[in-house]
Amino acid sequence: MNDALKREFEALVGKENVMESESDRFSYAYDAAVLDPVLPGLVVRPESREVLGKVVKLANDNGLPLTVRGSGTNLSGGTIPKQGGLVVLTNALNKILEINEADLYAVVEPGVITAKFAAEVAARGLFYPPDPGSQAVSTLGGNVAENAGGLRGLKYGVTKDYVMGVDFFDVDGEIVKSGSRTVKCVTGLNLAGLMVGSEGTLGVFEKIILKLTPPPLAAKAMMAVFDDVNKASETVAAIIAAKIVPATLEFMDNFTIRTVEDFAHAGLPVDAQALLLIEVDGHPGQVADEAEKVEAICKKLGAQRIQVAKDAAERNKVWEARRAALSALARVSPTTVLEDATVPRSKIPAMMHALGDIATKYKLTIGTFGHAGDGNLHPTILTDRRNKEEWKRVEDAIDDIFDVALSLGGTLSGEHGIGLAKSKYMEKETNRATVLFSRRLKKALDPKGILNPGKIIGE
Amino acid sequence: MADMRELLKLLGELDDQLVSCMRCGMCQAVCPIYGQTGLESDVARGKIALLEGLAKELVKDPKGVQDKVTRCLLCGSCAANCPSGVKALDIFLKARVILTGYMGLSTVKQAIFRGMLVKPKLFNKLLGMASMFQGLFTTPVNDIIGSSCSRWLEPVLGERHLMLLAKTPLHKDVPSLDTPAGKSGLKVAFFPGCLADKIFPRVGHAVLKVLKHHGVGVFLPEGQACCGIPALSSGDRQSYEKLVRTNLEVFAKGQFDYLVTPCATCTSTMKKIWPMMSEGMSPTEQAAIRELSAKIMDVNAFVVDKLGLTPPAPAADAVAVTVHDPCHLKKSLGVSVQPRTVLAMNPHYKVTEMAASDACCGCGGSFTLSHADMSAKIGQQKRDNIKNSGAQVVAMGCPACMLQISDMLSRNGDRVSVKHPMEIYAEGL
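Going down the list, the protein sequences come from chains A and B.
All residue numbers for the first sequence refer to my numbering, where the first residue is 1 and numbers rise by one.
All residue numbers for the second sequence refer to my numbering, where the first residue is 1 and numbers rise by one.
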């Protein structure tokens with residue numbers, strides 16, 4: 001990038017918010033995906049939304065590729081920049097602009113940290129349900145751009161279900177308004193819907209309107225132990241068939257159980273083939289009723305043992321075991337590949353079976369846990385990316401996992417995004433026309449192709 | 001060294017540790033520096049990525065990487081919160097040694113570490129002289145805290161409010177001790193650490209009083225050296241090893257069940273870092289380190305876990321004391337309950353918790369000198385939490401934190417006194 005352009009960015013955002021040394025730029029060359037780093041040409045951090053718009057315009061005027069970055073926790077390479085391109089940080093745009101308790105919505109800047117927002121909302125007696133695993137550090141802008149999910153997806157939905165509106169900058173730095181502060185709104189095209197999950201390829205978020213809800217009054221958690229994965233999968237289907245939608249319905253396979261137990265000593269049954277961790281919430285009467293029914297279903301379908309949490313401490317213990325799953329697996333080997341291919345929940349037994357076959361075929365260690373209730377499993381491959389021969393088998397196994405998920409009527413990604421990592425598989429799940437339509441849309445909105453090029457639909 | 005190939009080779013040896021970082025970014029939630037700056041290169045993930053980049057020749061500027069890697073409090077918050085168990089502190093200390101080996105140690109640091117710190121007698125003498133003259137350059141500002149400020153020293157020390165060198169350091173009052181085990185049946189070696197010797201000898205005296213009260217025998221040898229962490233965190237392995245050796249020698253002369261220190265940083269250095277950084281030392285020295293480090297305990301943990309204290313009920317008019325959890329005590333050694341038990345032993349005090357008691361105070365050893373503004377910003381948050389607790393006293397088991405927190409409270413004109421838990425316990429005896 002030439003010096004004159006650097007000085008122009010400096011004039012916009014201030015010298016202290018421009019990073020150009022090699023070591024500064026290299027710190028923004030990666031995200032949480034297992035992909036090679038790509039060195040950007042410049043990193044800027046606008047301190048106001050107005051300046052953010054000017055940065056977008058200046059980048060477009062100069063045909064400079066631009067990647068917006070929140071906390072860089074993306075698992076599909078969505079925040080890996082273009083070589084020599086511009087990284088725009090949102091972490092100075094971190095104001096909660098409004099929390100409206102009467103109308104149950106909030107307006108936020110894109111750089112607000114998810115967990116801080118959820119805590120602020122909770123302090124007002126309200127509830128923002130989306131809880132992606134990275135919520136302690138992730139930004140709301142990133143959550144919307146990736147349509148992040150979480151443990152509560154089954155009952156409460158994912159980020160897209162809470163986006164009422166997004167105001168965003170087009171490539172000319174003009175603000176485009178979408179959605180509203182009302183429950184109902186049919187004004188114009190559903191541009192907010194277009195922005196959700198667009199991974200920074202169509203516009204740059206200026207502010208976001210999010211839906212809030214009253215929190216559930218009560219909750220009850222339990223752990224069901226199975227000697228057979230199929231029985232656990234059937235239990236999941238039976239709970240839903242009984243018209244009960246738990247807030248969370250999580251699954252852990254034997255390998256994950258053993259690894260968590262080794263690491264956390266939580267007293268998990270290491271000989272169990274599968275665990276279901278279930279929480280129902282709502283009105284106290286409903287919770288008691290549903291918890292009883294869920295317990296009965298688990299028993300009927302062959303759970304060896306059911307442990308119902310008697311108090312908050314026991315409930316916490318149940319969820320600690322689940323929260324420790326990824327950490328425990330990650331400690332086993334140098335590289336952890338966390339996949340999130342998702343299938344209709346009735347296909348979980350078939351998916352589990354296929355994952356076992358794939359692990360055997362490619363001689364890999366795969367631990368599987370995840371959101372059984374919504375079919376979003378996380379097969380986690382434990383490997384060492386420095387071992388080239390093994391890494392090739394990992395890549396082949398990932399291809400197979402996608403093929404199986406698609407053949408079962410599932411999807412490539414439940415919540416981690418397509419980004420760079422999965423863009424080559426897009427056509428497999430959809431078709432040629434879908435990819436071309438998306439590219440034409442992108443071309444019309446971003447003629448110079450500056451907005452996070454290469455993500456989702458390739459280049 | 002100044003040889004790029006040697007640098008790459010040494011960084012390559014860190015690879016097994018570097019590769020365990022999966023770049024999840026969860027360290028952003030807890031890093032005190034990232035909390036201030038929001039810059040990726042300030043958080044562990046960024047630093048590890050830079051070291052890996054340098055090792056793989058994707059980054060070609062070792063000086064740039066060194067500047068980033070040393071912008072770190074070494075508080076260990078990242079390691080304590082890391083989902084995949086990356087030993088970030090080990091990595092950063094080793095990287096500092098490697099990078100200093102390549103870039104060279106500054107002449108000022110050479111003079112301080114190699115010319116003075118490694119020679120305990122000379123070090124004591126120089127500071128003894130300084131303590132006689134320091135009054136000429138400083139003015140007392142806060143009688144509750146006992147701090148001073150200095151217009152003369154402003155170019156070096158900034159707006160800092162100082163805790164002056166004690167008129168009589170601990171080693172002058174108590175040059176050495178070797179008393180047998182009393183009613184407790186236990187004998188400890190006592191390592192006061194530089195700060196409890198030279199700036200807060202009152203802490204050293206309090207520890208000795210408590211040990212005596214419980215009938216614990218004490219071995220306090222002459223000629224103790226610094227634990228080595230200031231030299232090591234500047235990457236000066238040569239001085240660090242010399243300091244470790246000196247201490248191994250002086251403590252080899254005694255018989256004791258445990259070695260106690262009132263300094264969280266000394267304890268965690270001797271217990272965890274000495275074994276970790278011992279590969280350059282002889283097998284005999286390594287064995288001595290293993291044997292000694294197994295005996296090392298924080299003094300709060302020792303009196304509570306080994307002597308068994310039963311706190312009385314607090315008096316009706318007890319003074320509110322709030323507790324700061326030093327990083328090197330709670331995050332590194334898992335000691336946080338014991339200092340509170342020690343405080344509860346004095347019925348004239350009652351513990352009132354502050355918000356975020358385990359957030360770093362921002363000292364970070366020489367970090368507070370090299371990055372004074374950031375250190376003060378982090379310290380100011382700690383000060384606000386102390387102030388908001390409403391307590392009249394703040395207690396902590398680390399003299400380095402005591403320095404920083406005294407400075408921050410004094411700058412704000414607060415009348416909150418800063419004490420070690422052992423001082424409060426000793427007051428009631």
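Derived from the structure by calculation, the hints contain no laboratory data.
Keep in mind that a hint or two might mislead.
Said to hold, decoys possible - Distance condition first, Cα-Cα at most 25 Å in a straight line; then the derived DSS-like pairs of lysine-lysine: (1) B/Lys387 / A/Lys116; (2) A/Lys231 / A/Lys299; (3) B/Lys253 / B/Lys121; (4) A/Lys347 / A/Lys299; (5) B/Lys87 / B/Lys330; (6) A/Lys95 / A/Lys211; (7) A/Lys15 / B/Lys60; (8) B/Lys63 / A/Lys392; (9) A/Lys116 / B/Lys119; (10) A/Lys57 / A/Lys177; (11) B/Lys56 / A/Lys388; (12) A/Lys300 / A/Lys243; (13) A/Lys95 / B/Lys60; (14) B/Lys295 / B/Lys209; (15) A/Lys177 / A/Lys448; (16) B/Lys242 / B/Lys306; (17) A/Lys6 / A/Lys448; (18) A/Lys310 / A/Lys155; (19) A/Lys347 / A/Lys388; (20) B/Lys209 / B/Lys242; (21) B/Lys253 / A/Lys6; (22) A/Lys317 / B/Lys172; (23) B/Lys119 / B/Lys63; (24) B/Lys9 / A/Lys388; (25) A/Lys54 / A/Lys299; (26) B/Lys119 / A/Lys15; (27) A/Lys424 / A/Lys443; (28) B/Lys350 / B/Lys387; (29) B/Lys350 / A/Lys6; (30) B/Lys350 / B/Lys377; (31) B/Lys87 / B/Lys387; (32) B/Lys121 / A/Lys15; (33) A/Lys54 / A/Lys155; (34) B/Lys272 / B/Lys87.
Unchecked claim - Far from chain B by the CB rule (all over 12 Å, computed), these chain A residues: (35) Ser21; (36) Phe263; (37) Ala330; (38) Glu389; (39) Asp446; (40) Gly449.
Glycine is no exception: its CB is placed at the ideal position from the N, C-alpha and C atoms.
message: Need the list of violated hint numbers for this structure, in ascending order.
response: 8, 9, 13, 16, 19, 20, 21, 22, 23, 25, 26, 29, 30, 31, 32, 33, 35, 36 and 37
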